Amino acid sequence: DAGVIQSPRHEVTEMGQEVTLRCKPISGHDYLFWYRQTMMRGLELLIYFNNNVPIDDSGMPEDRFSAKMPNASFSTLKIQPSEPRDSAVYFCASSLLGWGTDTQYFGPGTRLTVL
Amino acid sequence: AQSVTQPDIHITVSEGASLELRCNYSYGATPYLFWYVQSPGQGLQLLLKYFSGDTLVQGIKGFEAEFKRSQSSFNLRKPSVHWSDAAEYFCAVGAGNRDDKIIFGKGTRLHILP
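Protein sequences, first through last, are from chains P and Z.
With my numbering, the residue at position 70 of the first sequence is 70, and numbering never jumps.
With my numbering, the residue at position 47 of the second sequence is 47, and numbering never jumps.
Worth flagging that the hints you see were computed from the coordinates, not collected in a lab.
Check the hints yourself; a few may be wrong.
[Stated by the list, open to error] Here are the simulated EDC-like pairs of lysine to aspartate or glutamate, each with C-alpha atoms no more than 20 Å apart in a straight line:
1) 68/Z to 20/Z
2) 106/Z to 18/P
3) 101/Z to 85/Z
4) 78/P to 56/P
5) 101/Z to 44/P
6) 68/P to 57/P
7) 61/Z to 85/Z
8) 49/Z to 20/Z
9) 106/Z to 85/Z
10) 101/Z to 56/P
11) 68/Z to 15/Z
12) 68/P to 14/P
13) 101/Z to 30/P
14) 101/Z to 57/P
Treat the numbers as computed from the prediction; the structure is a model and nothing was measured.
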């Protein structure tokens, strides 16, 4: 298995632009997670899906952030409009059985820089 | 709610020396405990996990961790580190239900001296 795939690996954009991050989870995994990692705040969960349905989006910072999972093999995280404080590494992860009990498999991350 | 603390932000050890990374958790029941490693520029990878049973858990890359309920700890150990072990290590605690949160610690960055 190729593991969790994320694209792009790096994104540099200007403030106010729309940014779309993409994720392909491991085939057969029912759970998908989006995390954000910064030096100041560490690893934060933004949202997670179970069988393509968003279950907990309480970590989404504000309305500028949105996430979708149109099918079992694809998810997007969109930031519109982007701001410099959104600069971070964004990780997608998937797991087979769940969150509190199962191993999460992380993608390599997308490093976002908003100028 | 559960919480996890990694008291050491940075640790430096010499190659070949032993290693212990500390992790303390707070949770009322028996927690699900994890250690993940993040190499530079990579995502997190599971090293080992504890759910129940034997309190000494073996993981990949020669790591082990011991669950000590009396001390609310789940410290990670390795008898002899290699330069390739330089990375950031995250302890995480879950509440044991499928849709409960996993809380990650802030991480400990391990530096290896040649």
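When you check the alpha-carbon spacing of residue 49/Z and residue 20/Z, does it fall within 20 Å?
It holds: about 16 Å lies between the C-alpha atoms, which stays within 20 Å.
Taken at face value, is the distance from the CA of residue 56/P to the CA of residue 101/Z at most 20 Å?
holds (10 Å)
Check whether the Cα positions of residue 101/Z and residue 85/Z lie no farther apart than 20 Å.
Roughly 28 Å separates the two Cα atoms, so the pair is violated.
Would the hint linking residue 68/P and residue 14/P be met if the CA-CA limit is 20 Å?
Not OK: residue 68/P and residue 14/P at ~23 Å, beyond 20 Å, violated.
Residue 68/Z and residue 20/Z were given as a pair; does the straight-line alpha-carbon distance stay at or below 20 Å?
holds (14 Å)
Please work out if residue 106/Z and residue 85/Z have their alpha carbons no farther apart than 20 Å.
Answer holds: residue 106/Z to residue 85/Z is near 18 Å, not above 20 Å.
For residue 68/P and residue 57/P, compute the direct alpha-carbon distance and say whether it is at most 20 Å.
Holds, because 11 Å separates the two Cα atoms, which is no more than 20 Å.
Keeping to a limit of 20 Å between CA atoms, is the pair of residue 101/Z and residue 57/P held or broken?
Answer holds: residue 101/Z to residue 57/P is near 12 Å, not above 20 Å.
Does residue 68/Z pair with residue 15/Z here, judged by a C-alpha cut-off of 20 Å?
Violated - the C-alpha atoms of residue 15/Z and residue 68/Z are around 27 Å apart, more than 20 Å.
Taking only the CA atoms, is the gap from residue 61/Z to residue 85/Z under or equal to 20 Å?
The hint holds at about 9 Å.
Are the Cα atoms of residue 101/Z and residue 30/P separated by 20 Å or less?
holds (16 Å)
What's the verdict on residue 78/P and residue 56/P, does the C-alpha distance respect the 20 Å limit or exceed it?
The given pair, whose Cα atoms are some 16 Å apart, holds under the 20 Å limit.
Checked against the numbered hints above, the structure breaks hints 2, 3, 11 and 12 and satisfies the rest.
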